[in-house]
Amino acid sequence: MLDGILIGLGTAFSLTNLLMVIGGCLIGTFIGMLPGLGPMSIIAIMIPVAISIGDPSAALILLAGVYYGAIFGGSTSSILINAPGVASTVATSFDGYPMARQGKAGKALTVAAIASFCGGTIGAVLLMIFAPALATVALLFHSAEYFALMVVGLSAIAAFAGSGQVGKALLMTLLGLIMATVGEGALFNMPRFTMGIMDLQSGFGFITLAMAMFALPEAMYLILDPSRSNSGSGSGEIKDLRITREEARAIAPVIGRQSVQGFLIGVLPGAGATIASFLGYAVERNIASKAEQEQFGKGSVKGLAAPESANNAACTGSFVPLLTLGIPGSGTTAILLGALIALNVSPGPRLMVDEPQIFWAVIISMYLGNLILLILNLPLIPYIAKVLAVPRTYLIPFILFFTLMGAYIGQNNATELLILVGLGICATVLRFADYPLAPLLIGFILGSMLENNFARSMQLYDGLGFLLERPMTVGLLALAVLLVVLPSYRARRARLRAAGAADAD
Amino acid sequence: MALDRWIALVILMICLAYGYAAFFTMDAALPPFMKHNPIWPSTFPKILSVMAVLAALFVLLGFEKGAEDPKPMDINYRRLTDYKLGQALALLALMTAYALLLRPAGFLPATAGFLAAGACILGERKLHILLPVAALAAGVVWYLVQEVLGIFLSPWPALLTNGG
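Residue numbers (the numbering used here), protein chains in the order written: chain Y, 1 to 505; chain F, 1001 to 1164.
None of these hints come from the bench; they were simulated from the model.
For glycine and all other residues, C-beta sits at the position ideal for the given N, C-alpha and C.
Please note that the accuracy of each hint is not assured.
To be verified - For each label pair, taking beta carbons as the anchor points, the in silico distance ranges come out as:
no., chain 1, residue 1, chain 2, residue 2, range
1, Y, T194, F, R1005, 28 to 36 Å
2, Y, H142, F, L1100, 44 to 52 Å
3, F, G1123, Y, A252, 33 to 41 Å
4, Y, G256, F, A1093, 34 to 42 Å
5, F, A1093, Y, A499, 18 to 26 Å
6, F, L1100, Y, V137, 51 to 59 Å
Unchecked claim - Computed footprint of chain Y on chain F; a stretch qualifies when at least three of its residues, placed anywhere within it, have a C-beta under 8 Å from a C-beta of chain Y:
no., region
7, 1019-1030
8, 1045-1058
9, 1100-1108
10, 1120-1127
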């Protein structure tokens, strides 16, 4: 591990990579602060830039910096104008915004920054411990286990992302897998489902799909509902960033607990930072004393520190399945996985062995990113917050333009822009009907890997024999079925019970 | 029928067409030597189509109840006319026009026009600020993409760059 850390330090501390971390954090903070733009949209917009850099370490460091920065920026807009830029900072606004209304905006931003820093740093330490161990175990896996593991990952994503509507999430995952089979794959070297259209010969572009699924619907929502881009109110003065010793003593155990809990939730495929932040808030509220419980929702520092440390630790945790197994734990890490594949890097257990400089540089850059966010952004927050004053008449055309440019630069093909608009309209309609979009993108990205491992297993065992002969594969596939069936069954039972109770009334 | 079930119906149709291609048309072009393989190009699509049809039917037949009310932060699609629907449609049309005009009109005029027209659709009327901002932004992005990232973007209309 020490060798790895030294390699990581050498790579992460190169001038280019340092600039990538700083640039990524600043860009992420700026854009993440804009209400309505989540980390997935921001990373999707930044991918063409990252890919054009060419160096996978630098690209991943830049994107990880943007990711952290976006989460940090989202907290700032939650606290200052009660408009969470990202879903994972909704819980931050429960106590952050009341604090700002009481004239303690500076204090709230400091608590959020410290909690984020600690959550991210503790998460990075845990990642450093867990990831190599998991990668060593994963090296024992064969293609059959990989196939089964990916099915488990996709099922877990469907189970969590569906939030009670597993059928819809599963349908989206399958639709993503279906989209991945369009075009000429490496496996069979023959075009499939292209309907004779030349532009579909190479399949759907990952960047186009990412933009269409996240950036464009987000922009459409901003256009349809102007209250979502509640700009213009962020120009107020932010003073007194200090916190007292008592407050520091009160939040320290909260940060410790929620960093570990958030990290573990982040490791689970599909759970992610949003669930971690809400669960963190709920747990801290439940274990607080009665007097403290009454303060929750009215400007409690504990209520602010809990989701902030949990969501940052979860972000770091979601890198564990990505870096060690090559399975994205969330929509954001799915986009990062797509970027890595575009850069000819295959994340998975071999990554640590074959390209340790990438693996360790990313981990080291996480420490750096957190530190930079703390020392750079805290004094700059009053100035950065001015971005909230950008009027929507300027903001929205620029978001749309960068979305279009992302797809255009990625493929250098104007037809891609038409595909983007078409898919973006479909994605917006899917959002209207509450269909989760992250499973579609994750299914699309994992599709070819899933098929490759399935085909390899079929060839090795001359058919479906691997399903019977490899107990771990069978166990994993059974787990996948349970992950899909159980939440659906529970939701149905809860509904029936609720209906029964209503009838009894 | 609720929107989510209409969508499930559309997806079901797509999956049936996909499944038809996988089961009945794809393997016709398969070379004879591949027919001895345990896996064909259609194997995985066949499995996916069956699973997707079942999942679509599950949603379509309403085995899983959707949320009765829209979430507080989301848009109620049943009352779309209460929102800025006209602006959204106009901007979608503008994006389509940008896609079609980007090459023939050149990056700089198309982008400056897109940004200025987009802002106008959203209600911006201070043209003395808007036009220089749009032109400057187009120029800066072109410079960054062309010079820093090294990706070729034709700045002027094809008519001018091709010598008329």
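Against the structure, the hints:
Distance hint for T194(Y) and R1005(F): a CB-CB separation of about 30 Å, consistent with the stated range 28 to 36 Å. Roughly 49 Å separates the CB atoms of H142(Y) and L1100(F), a value that falls within the hinted 44 to 52 Å. Between G1123(F) and A252(Y) the beta carbons are some 48 Å apart, a value that contradicts the proposed interval 33 to 41 Å. Here the CB-CB span from G256(Y) to A1093(F) is close to 53 Å, at odds with the stated 34 to 42 Å.
Remark: the range hint 18 to 26 Å for A1093(F) to A499(Y) is contradicted by a beta-carbon distance near 45 Å. Checking the proposed 51 to 59 Å range against L1100(F) and V137(Y) shows it holds: the Cβ atoms sit about 52 Å from each other. Note: the region 1019-1030 of chain F has 3 residues with beta-carbon separation from chain Y under 8 Å; the three-residue rule is met and the coverage holds. Coverage of a stretch by a chain is defined here by at least three residues with a beta carbon nearer than 8 Å to that chain's beta carbons; for the region 1045-1058 of chain F and chain Y the count is 8, and the condition holds.
Requiring three or more residues with a Cβ within less than 8 Å of a Cβ of chain Y, the coverage given for the region 1100-1108 of chain F holds, as 3 such residues are present. With 3 residues having a beta carbon nearer than 8 Å to a beta carbon of chain Y, the region 1120-1127 of chain F meets the requirement of three or more and the stated coverage holds.
The structure shown violates the earlier hints numbered 3, 4 and 5.
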